[in-house]
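Colleague: Assemble chain S onto chain L, guided by the hints.
Spelled out, the chains give:
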Amino acid sequence: AQSVTQPDIHITVSEGASLELRCNYSYGATPYLFWYVQSPGQGLQLLLKYFSGDTLVQGIKGFEAEFKRSQSSFNLRKPSVHWSDAAEYFCAVRTSYDKVIFGPGTSLSVIP
Amino acid sequence: DGGITQSPKYLFRKEGQNVTLSCEQNLNHDAMYWYRQDPGQGLRLIYYSQIVNDFQKGDIAEGYSVSREKKESFPLTVTSAQKNPTAFYLCASTSRSGDYGYTFGSGTRLTVV
Chain L
1 AQSVTQPDIH ITVSEGASLE LRCNYSYGAT PYLFWYVQSP GQGLQLLLKY
51 FSGDTLVQGI KGFEAEFKRS QSSFNLRKPS VHWSDAAEYF CAVRTSYDKV
101 IFGPGTSLSV IP
Chain S
1 DGGITQSPKY LFRKEGQNVT LSCEQNLNHD AMYWYRQDPG QGLRLIYYSQ
51 IVNDFQKGDI AEGYSVSREK KESFPLTVTS AQKNPTAFYL CASTSRSGDY
101 GYTFGSGTRL TVV
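Heads up: the sequence lines are chains L and S, in that order. Each residue of the first sequence is one higher than the one before, starting from 1 at the first, in our numbering. Each residue of the second sequence is one higher than the one before, starting from 1 at the first, in our numbering.
Some hints here could point you the wrong way.
To spell it out: a stretch of chain L is covered by chain S in this simulated footprint if at least three of its residues, at any positions, have a beta carbon under 8 Å from a beta carbon of chain S; those stretches are [said to hold, decoys possible]: (1) 20-29; (2) 100-112.
Using C-beta positions, here's what the derived DEER-type ranges look like [stated by the list, open to error]: (3) S:P39 - L:A17: 23 to 29 Å; (4) L:G53 - S:E62: 39 to 45 Å; (5) S:I51 - L:Q42: 26 to 32 Å; (6) S:N28 - L:K99: 18 to 24 Å; (7) L:P7 - S:R44: 16 to 22 Å; (8) S:T5 - L:E66: 30 to 36 Å.
If you are wondering where the hints come from, they were derived from the structure by calculation, not from laboratory data. Note that the Cβ used here is the ideal one computed from N, Cα and C, for glycine as well.
If we strip away everything but chain S, and leave its shape as in the complex, we get:
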């Protein structure tokens, strides 16, 4: 079945360490997104990419980086510059045609230890 796979489900980061969250989709969707979710704050857009080798900053891009080398993959790196990275991270994708709805992955919970 088509969908979005995020891994790992849980991730622990030490202070000063970079970590990378994986997002893979087999829906042939063009655009992919990364959101951060904190309790009581809804979803905040970190980065998004409409096509391969191109991406744009969202509302809270500082301390994060992404790449889009393949249509299926959109990994997110949480760098040491992100001072408060503990959160739930969601990846999503959508197509240029069709119902325009987003398909979401099941999320990665990142905790700083």
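Just chain L, with the same shape it has in the complex:
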């Protein structure tokens, strides 16, 4: 079955530290992969996406993600976290035009 897992429900990091949020997917073909961020009480904002080509993709707000087909992973990274990065992060895979599967989300807290 097609699915997206985010193993970490909640992560806490210190401001200025590096960050990696994990995402694994289950899908037979080459997927379209996305990371979204959600601030409290707001909608989701697209951080970055992967369709094909270079497996390291850059996004907004200094985020990047690496697609690893062999591991079925699409982990999100940021070299230095800012307090404003505290939010909920969702990984998603688009399996067809009308179907996107979202992961359960990872809540990020940032310690000053």
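Modeller: Below, chain S without anything else, positioned relative to chain L:
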């Protein structure tokens, strides 16, 4: 600027009452979606529509209804049959071409009083 507008931002419903959440987009997107978000449960798909006058049930359609009379609009009605409607509701849209990403509205928080 193009985007999705959801209204109202906060909505209160009495027991046994139907309420309608508005979703309007000016992105010329073909498909529109409604998701429900509960704490710790991620996003669950309620209904989606690929074209005008057509829509499909998602994973949790019971107690909800939608219409798609115009490309720009996809209102969601939470009926009295929905026993636990208190949640955060998100509308999204996407295009058949382009980057295939979803654009989300800012959400409506519905509370039963």
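Colleague: Confirm or reject each hint.
Modeller: Evaluated hints:
no. : hint                      : result
1   : 20-29                     : violated (count 0)
2   : 100-112                   : holds (count 5)
3   : S:P39 - L:A17: 23 to 29 Å : holds (26 Å)
4   : L:G53 - S:E62: 39 to 45 Å : holds (42 Å)
5   : S:I51 - L:Q42: 26 to 32 Å : holds (28 Å)
6   : S:N28 - L:K99: 18 to 24 Å : holds (21 Å)
7   : L:P7 - S:R44: 16 to 22 Å  : holds (20 Å)
8   : S:T5 - L:E66: 30 to 36 Å  : holds (35 Å)
Hint check: a violation occurs at hint 1 only; the rest are consistent with the structure.
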